[in-house]
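Peer 1: So you can see what is in the structure, the chains are spelled out below.
2 protein chains.
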Amino acid sequence: MGNIFSKNKLVIFYGASLAGIMLLLKWLELRFVIMDHSFEVYIGAIALIFTSLGIWLAAKLTRPKIETIIVEKEIFITSPPTGNAPDEKTLSKFNISKRELEVLKLMSEGLNNQEIAGRLFLSLNTIKTHSSNLFEKLDVKRRTQAIEKGKRLGLLA
Amino acid sequence: MGNIFSKNKLVIFYGASLAGIMLLLKWLELRFVIMDHSFEVYIGAIALIFTSLGIWLAAKLTRPKIETIIVEKEIFITSPPTGNAPDEKTLSKFNISKRELEVLKLMSEGLNNQEIAGRLFLSLNTIKTHSSNLFEKLDVKRRTQAIEKGKRLGLLA
DNA sequence: TTGAAAATCACCCGAAAGTATGAGCCTAAA
DNA sequence: TTTAGGCTCATACTTTCGGGTGATTTTCAA
Numbered sequence: 001m002g003n004i005f006s007k008n009k010l011v012i013f014y015g016a017s018l019a020g021i022m023l024l025l026k027w028l029e030l031r032f033v034i035m036d037h038s039f040e041v042y043i044g045a046i047a048l049i050f051t052s053l054g055i056w057l058a059a060k061l062t063r064p065k066i067e068t069i070i071v072e073k074e075i076f077i078t079s080p081p082t083g084n085a086p087d088e089k090t091l092s093k094f095n096i097s098k099r100e101l102e103v104l105k106l107m108s109e110g111l112n113n114q115e116i117a118g119r120l121f122l123s124l125n126t127i128k129t130h131s132s133n134l135f136e137k138l139d140v141k142r143r144t145q146a147i148e149k150g151k152r153l154g155l156l157a
Numbered sequence: 001m002g003n004i005f006s007k008n009k010l011v012i013f014y015g016a017s018l019a020g021i022m023l024l025l026k027w028l029e030l031r032f033v034i035m036d037h038s039f040e041v042y043i044g045a046i047a048l049i050f051t052s053l054g055i056w057l058a059a060k061l062t063r064p065k066i067e068t069i070i071v072e073k074e075i076f077i078t079s080p081p082t083g084n085a086p087d088e089k090t091l092s093k094f095n096i097s098k099r100e101l102e103v104l105k106l107m108s109e110g111l112n113n114q115e116i117a118g119r120l121f122l123s124l125n126t127i128k129t130h131s132s133n134l135f136e137k138l139d140v141k142r143r144t145q146a147i148e149k150g151k152r153l154g155l156l157a
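Quick note, the sequences are listed as chains L and D, same order.
My numbering applies: residue 1 is where the first sequence begins, and numbers increase by one.
My numbering applies: residue 1 is where the second sequence begins, and numbers increase by one.
Since the hints were made in silico from the structure, they are not lab data.
Check each hint, because a few of them may be wrong.
Just so you know, same-sequence chains aren't split out, so a pair can sit in one copy or run between any two.
What the hints assert, rightly or not - Once the Cα atoms are required to be at most 27 Å apart in a straight line, the calculated BS3-like pairs of lysine-lysine come out as:
#1 Lys93 x Lys60
#2 Lys60 x Lys89
#3 Lys128 x Lys98
#4 Lys137 x Lys151
#5 Lys98 x Lys60
#6 Lys105 x Lys151
#7 Lys98 x Lys151
#8 Lys128 x Lys60
#9 Lys137 x Lys93
#10 Lys60 x Lys105
#11 Lys149 x Lys93
#12 Lys98 x Lys149
#13 Lys137 x Lys60
#14 Lys151 x Lys60
#15 Lys141 x Lys105
#16 Lys141 x Lys151
#17 Lys149 x Lys60
#18 Lys60 x Lys141
I would like the entire structure built from these sequences, with the hints used as guidance.
Peer 2: The following block contains the structure:
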């Protein structure tokens, strides 16, 4: 939003400066009649001014290339399952909700989505939504990966 | 080195184009005497051309702005491989073959059939056959169940 | 050597899983 | 009070999984 507005402001400013320069030139023309004998200087000045303007515009308008560097940070999991407590820290760290954890637990027991839906008295679609969100939060693509990661993180028994 | 040279070439080209345009305008001036009655159009054209030139120059000469975003991606690693003997008794009890066990192991790591195929240098269809046979032998219907049962039986780490 | 089991691969088809999008409801926090 | 997030569900679509069947090749033990 703000971006578009600022671009419009640039365009307006550009137009205004063009108009201003033309007025200035008209005035100069009337004042000194420089048109005839300083043609080259005149053109050169215009060219210089608008080349600068173009450069300035380009600098303003080009959006920077975004270069993403992914730094892999290794974290060693020392946790043997440590009983059954679903590890609050990890849970909040991954932003996993109660429902999602429930779904994950039932997944790890080998239930399919339909069975999970029945167990939790929810619709199949709801389970799909929960599992999709869960996968995204765990950064995995499949339920088997979710189970594996869940175990490693101590989210599962 | 090549960079500086190319920049020089650009400057030369710029100067040449400026000279060329001035010549063209001179020629037009001699031909049609357009200077007097089309002042605004004339200035506008010049402005447009050199603004474009400026933008082009800027694009060529300035090194692209690069905005670097560093994303930290956490990789979770279980430290001890915990060498596990795949429980010979259970294995023969369920009549599970080597290949089937390999497939089960990779399944439990979250790989899909295509990935398992790649890992074992086999075709997708072969993996399907193995997993089907495995499921039958373990008396399960899904890979998630196979994983769960495999862990319980000590077939997996 | 031969026969059974294992291993390999193919094709088809239906079921399950997963993706994308949108929407309505409810609650807790700002 | 507004808003953000969690929970619920739907539709439509693509991909993966799993079952069924059949075939060839390899291995290995009787």
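Peer 1: Does each hint hold? Answer for all of them.
Peer 2: How the hints compare with the structure:
| no. | hint | result |
| --- | --- | --- |
| 1 | Lys93 x Lys60 | neither (39 Å within a copy, 46 Å between copies) |
| 2 | Lys60 x Lys89 | neither (45 Å within a copy, 51 Å between copies) |
| 3 | Lys128 x Lys98 | within (15 Å within a copy, 34 Å between copies) |
| 4 | Lys137 x Lys151 | both (15 Å within a copy, 25 Å between copies) |
| 5 | Lys98 x Lys60 | neither (48 Å within a copy, 55 Å between copies) |
| 6 | Lys105 x Lys151 | both (10 Å within a copy, 15 Å between copies) |
| 7 | Lys98 x Lys151 | both (16 Å within a copy, 25 Å between copies) |
| 8 | Lys128 x Lys60 | neither (46 Å within a copy, 50 Å between copies) |
| 9 | Lys137 x Lys93 | within (10 Å within a copy, 39 Å between copies) |
| 10 | Lys60 x Lys105 | neither (53 Å within a copy, 56 Å between copies) |
| 11 | Lys149 x Lys93 | within (14 Å within a copy, 30 Å between copies) |
| 12 | Lys98 x Lys149 | both (17 Å within a copy, 25 Å between copies) |
| 13 | Lys137 x Lys60 | neither (37 Å within a copy, 42 Å between copies) |
| 14 | Lys151 x Lys60 | neither (51 Å within a copy, 53 Å between copies) |
| 15 | Lys141 x Lys105 | both (17 Å within a copy, 18 Å between copies) |
| 16 | Lys141 x Lys151 | both (16 Å within a copy, 22 Å between copies) |
| 17 | Lys149 x Lys60 | neither (46 Å within a copy, 48 Å between copies) |
| 18 | Lys60 x Lys141 | neither (41 Å within a copy, 42 Å between copies) |
Checked against the numbered hints listed earlier, the structure breaks hints 1, 2, 5, 8, 10, 13, 14, 17 and 18; every other hint is satisfied.
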